[in-house]
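For chain A, the structure is supplied; the task is to place chain B on it using the hints.
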Amino acid sequence: DAKTTQPTSMDCAEGRAANLPCNHSTISGNEYVYWYRQIHSQGPQYIIHGLKNNETNEMASLIITEDRKSSTLILPHATLRDTAVYYCIVRVAGAGSYQLTFGKGTKLSVIP
Amino acid sequence: SQTIHQWPATLVQPVGSPLSLECTVEGTSNPNLYWYRQAAGRGLQLLFYSVGIGQISSEVPQNLSASRPQDRQFILSSKKLLLSDSGFYLCAWTSGGAYEQYFGPGTRLTVT
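Note that the protein sequences, when read in sequence, are chains A and B.
If you use the working numbering, the first sequence corresponds to residues 1 to 112, in order.
If you use the working numbering, the second sequence corresponds to residues 1001 to 1112, in order.
Excised from the complex, chain A in its bound form (with noise of 0.2 Å):
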């Protein structure tokens, strides 16, 4: 699987938008960009996934580069619920493709 890069940190205040990024330099054609975040002492929580077509559902906004270089999770109005850190992945999807590699995400925190 493509290694990703994030940021350690971000800070963003409430009702404003969010835009976390992540670099995925190698991936390759059939990997797929996911997004996670793990709220502190819970389980991580899916929020997203895309492959090459910007994608958008009641979470989130997935952008991604023309090359696929690179991708933007945007949470559109951030709360303080939003607070987590938020891991990028990039994985080949389907059977026989099991594992998740979490790295040490984003930790975004929503400020009041």
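The reader is advised that the hints may include incorrect statements.
[To be verified] Here are the computed lysine to any residue pairs in the SDA-like style, where the Cα-Cα straight-line distance is at most 25 Å: (1) LYS52(A) to TYR1102(B); (2) LYS3(A) to ILE48(A); (3) LYS3(A) to VAL1060(B); (4) LYS104(A) to PRO1105(B); (5) LYS107(A) to SER1086(B); (6) LYS104(A) to GLU1059(B); (7) LYS104(A) to TYR1099(B); (8) LYS107(A) to GLN1038(B); (9) LYS104(A) to PHE1088(B); (10) LYS107(A) to GLN1045(B); (11) LYS52(A) to GLY29(A); (12) LYS3(A) to GLN1045(B); (13) LYS104(A) to VAL1111(B); (14) LYS104(A) to GLY1041(B); (15) LYS52(A) to THR1094(B); (16) LYS104(A) to THR1010(B); (17) LYS52(A) to GLU1100(B); (18) LYS3(A) to LYS107(A); (19) LYS3(A) to ALA1040(B); (20) LYS3(A) to GLU1059(B); (21) LYS104(A) to VAL1060(B); (22) LYS104(A) to ALA1039(B); (23) LYS107(A) to ARG1042(B); (24) LYS107(A) to TYR1102(B); (25) LYS104(A) to MET59(A); (26) LYS104(A) to LEU1047(B); (27) LYS3(A) to ALA1039(B); (28) LYS104(A) to SER1058(B); (29) LYS104(A) to LEU1083(B).
In short, the hints are calculated from the structure, not lab data.
Same frame as chain A, but now just chain B:
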């Protein structure tokens, strides 16, 4: 809807004692099941995964073992705990080929 349960939520055990952590999934059949460990201040490490009853794959050699006696039951065990076994143990499931994994609430183990 699908739910995943883990127990106990917290556990304090002396060095050398045995361990048994249980994970069950409801609302799905033939899930892929996973055990992860998160040491304090570190990322998640995959320990074991299972694609079916009695089928266990180990990712990290250590004094832990896993078993899957029933389709939706996954057990993590140890005969003799070490101090280094302390951590946050997470069970997760996915349906084969699905894009996302769903995590349980976790068990916080402290070995003293």
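Evaluated hints:
1. LYS52(A) to TYR1102(B): Roughly 23 Å separates the two Cα atoms, so the pair holds.
2. LYS3(A) to ILE48(A): holds, 18 Å
3. LYS3(A) to VAL1060(B): Measuring from Cα to Cα gives roughly 20 Å; hence the hint holds.
4. LYS104(A) to PRO1105(B): Cα-Cα ~20 Å, so holds.
5. LYS107(A) to SER1086(B): Holds, at roughly 23 Å.
6. LYS104(A) to GLU1059(B): Holds, at about 19 Å.
7. LYS104(A) to TYR1099(B): holds, 21 Å
8. LYS107(A) to GLN1038(B): holds, 16 Å
9. LYS104(A) to PHE1088(B): Given pair LYS104(A), PHE1088(B) holds - Cα atoms ~15 Å apart, limit 25 Å.
10. LYS107(A) to GLN1045(B): It holds: about 18 Å lies between the C-alpha atoms, which stays within 25 Å.
11. LYS52(A) to GLY29(A): Satisfied, since the Cα-Cα distance of roughly 9 Å is no more than 25 Å.
12. LYS3(A) to GLN1045(B): holds, 15 Å
13. LYS104(A) to VAL1111(B): The given pair, whose Cα atoms are some 24 Å apart, holds under the 25 Å limit.
14. LYS104(A) to GLY1041(B): holds, 9 Å
15. LYS52(A) to THR1094(B): Satisfied, since the Cα-Cα distance of roughly 23 Å is no more than 25 Å.
16. LYS104(A) to THR1010(B): holds, 24 Å
17. LYS52(A) to GLU1100(B): With Cα atoms ~17 Å apart, LYS52(A) and GLU1100(B) stay inside 25 Å; holds.
18. LYS3(A) to LYS107(A): holds, 18 Å
19. LYS3(A) to ALA1040(B): Measuring from Cα to Cα gives roughly 22 Å; hence the hint holds.
20. LYS3(A) to GLU1059(B): holds, 18 Å
21. LYS104(A) to VAL1060(B): Holds, because 19 Å separates the two Cα atoms, which is no more than 25 Å.
22. LYS104(A) to ALA1039(B): Distance of about 12 Å is within 25 Å: holds.
23. LYS107(A) to ARG1042(B): holds, 12 Å
24. LYS107(A) to TYR1102(B): holds, 21 Å
25. LYS104(A) to MET59(A): holds, 21 Å
26. LYS104(A) to LEU1047(B): Holds, at about 17 Å.
27. LYS3(A) to ALA1039(B): The hint holds at about 21 Å.
28. LYS104(A) to SER1058(B): holds, 22 Å
29. LYS104(A) to LEU1083(B): holds, 23 Å
Violated hints: none; the structure is consistent with every hint.
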